[in-house]
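A.B. asks: Residue strings, one per chain:
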Amino acid sequence: MSVDVEAIEPVGTMTTPIRLEYEIQAGTAMALFLAGLAEGKIRGQRCPVCKEVYVPPRGSCPKDGVPTEEEVEVSDEGVIETFCIVNIPFYGQVLQIPYVCASVRLDGADLSFQWLVEEVKPEDVHQGMRVKAVWADELKPSMESVRYFKPVEARGSVA
Amino acid sequence: MRDVAIVGFAQIPSVSKDPRNEVEMIMPVLHEAVQQSGLPRNEIGFTVSGSCDFLIGQPFSFVGGLDAVGAWPPIRESHVEMDAAWALYEAWVKIQTGEVDSALVYGFGKSSPGDLPRVLALQLDPYVVAPLWPDSISLAALQARAYLEASGRTERDLAEVAVRSRNDAAGNPNAQVTEPADVEDLLATPPIASPLRRHDCPPSSDGAAAAVLAAGDLARRVSDQPVWIRGIDHRIEPHQLGSRDLTRSVSTAQAARNAGAHQGGTDVAELHAPFTHQELILRDAIGLNGDTPINPSGGALTANPMMAAGLIRIGEAARAIWEGRARRAVAHATSGPCLQQNLVCVLEGAA
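So the sequences go chain by chain: A and B.
Start counting the first sequence at 5; every next residue gets the next number (the numbering used here).
Start counting the second sequence at 897; every next residue gets the next number (the numbering used here).
Incorrect hints may have been included.
Said to hold, decoys possible - Take a look, some chain A residues computed to stay more than 10 Å from chain B by CB distance:
hint, residue
1, I28
2, I89
3, V90
Unchecked claim - Calculated lysine-lysine pairs in the DSS-like style (CA-CA distance at most 30 Å, straight line):
hint, chain 1, residue 1, chain 2, residue 2
4, A, K125, A, K136
5, B, K913, A, K67
6, B, K913, A, K125
7, A, K55, A, K136
I should point out that these hints are in silico values taken from the structure, not numbers from a laboratory.
Everything numeric in this text was worked out from a predicted model, so none of it was measured.
For glycine and all other residues, C-beta sits at the position ideal for the given N, C-alpha and C.
All chains, please: the whole structure from these sequences, using the hints.
C.D. replies: Next comes the structure, spelled out in structure tokens:
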């Protein structure tokens, strides 16, 4: 029996759901960091060669390729290196827009990473602004232990 | 062709669950392989790795792996989403171009975070095969059944491969399945995907390995005992399982011929056969006679870190030469379901 290929409706889409479950092991360095959060502390590691302090730590210095075994506790205060104001709604969003996501370099760390900044109008956030962690009432080995960062000084005092 | 030698090789013991992250697992093998090579790390011309992000379900984990390398000032670097035996092949090609004289190769895989047989289903045709979720053990069982029917070999022959592998693994500190076994006991266990029993299948492993390659005079200068790559070739068969003859490995036979596997005696063969029947198929394909010791390391049946187990076959073959157990060795690596893609590498010590 021959099939008239021309008469077949083209298939434009097919749906093949994919679901895989993983149970991730944090690794030694990330476990150190997460355990610190559960104690209200922010911990990193120092490279024995270039002396940079990485927060969060990965267990190695990406520049020198050596283990970073020295544990360093850094401040929960730091400075905003850059930031963005999120205005785009998206599916599953838990925060109310607009909100501020900032790269914060904590005092004692040589690497910045992302946190929320609240208790300030988005338009008043600026580079160089000093901010401090606001800890959750219930601490656990999770980023949720830090609710957000808030300003610790008046606008414009640091250029 | 430029002469290229293996001048360093290292691996960490395979375990079912390594508590370290990938970078923490890679660093020790990199340091050990580089140290063995006698080459200063910053003088190694090229770095290439083999890994698969699906294993831990983390996008760009292959880039994260570079944190172990020390990539500053910037290095020349590449990656294959395959077993690191193919990274070694890329390094060999890179050295052949004359652009570099040495290369660092590493492979790493953590199977423990996911359900490996299901993860591997995603390497299949995404439209008509993967949606059925055929797991890797069931696919191997299809091949095993076809092979036993075609060859006249039996489940006892498969168990004998498992017993020999485990006995050999007992002497390998990097192996994972080392309990001695007896053929009758193994045959008394129930099948998990008939005709395969547990002993016919590899363990789920976390592991990593690294090797350093160097060209001609550089290899002779830095190493007392360079292990020369006399031939290396890889071939691939169709993605569609139904279009292949699963009872033989045509691609292995071609790669072996192109690599010159038959142009001399083979003192040791390290075959990347995650399943017992696959070792028999590979032996036939390469034409190994009964006298050649196969997988004195215990092979992938006793330690199967994905993306590293193929490179480990090459490293174990080199080790046999370094330790004086062989002058000429054949190493094999596989990738994909049911021996889809195969690489053969011929190694020789000093003449």
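A.B. asks: The structure should be examined with respect to each hint, and the outcome stated for every one.
C.D. replies: Here's how the hints hold up against the structure:
Taking the minimum C-beta to C-beta distance to chain B, about 5 Å, the non-interface status of A/I28 is violated against the 10 Å cut. No Cβ of chain B comes within 10 Å of the Cβ of A/I89; the nearest lies about 26 Å off, and the non-interface call holds. Against chain B, the non-interface label of A/V90 holds: every CB pair exceeds 10 Å, the least being about 21 Å. With a CA separation close to 16 Å, the supplied pair A/K125 and A/K136 stays within the 30 Å bound.
For the hint linking B/K913 to A/K67, the alpha-carbon distance of about 28 Å falls within 30 Å, and the restraint holds. For the given pair, B/K913 sits about 47 Å from A/K125 by alpha-carbon distance, which is inconsistent with the 30 Å threshold. Between the alpha carbons of A/K55 and A/K136 the distance comes to roughly 24 Å, so the proposed pair stays at or under 30 Å and holds.
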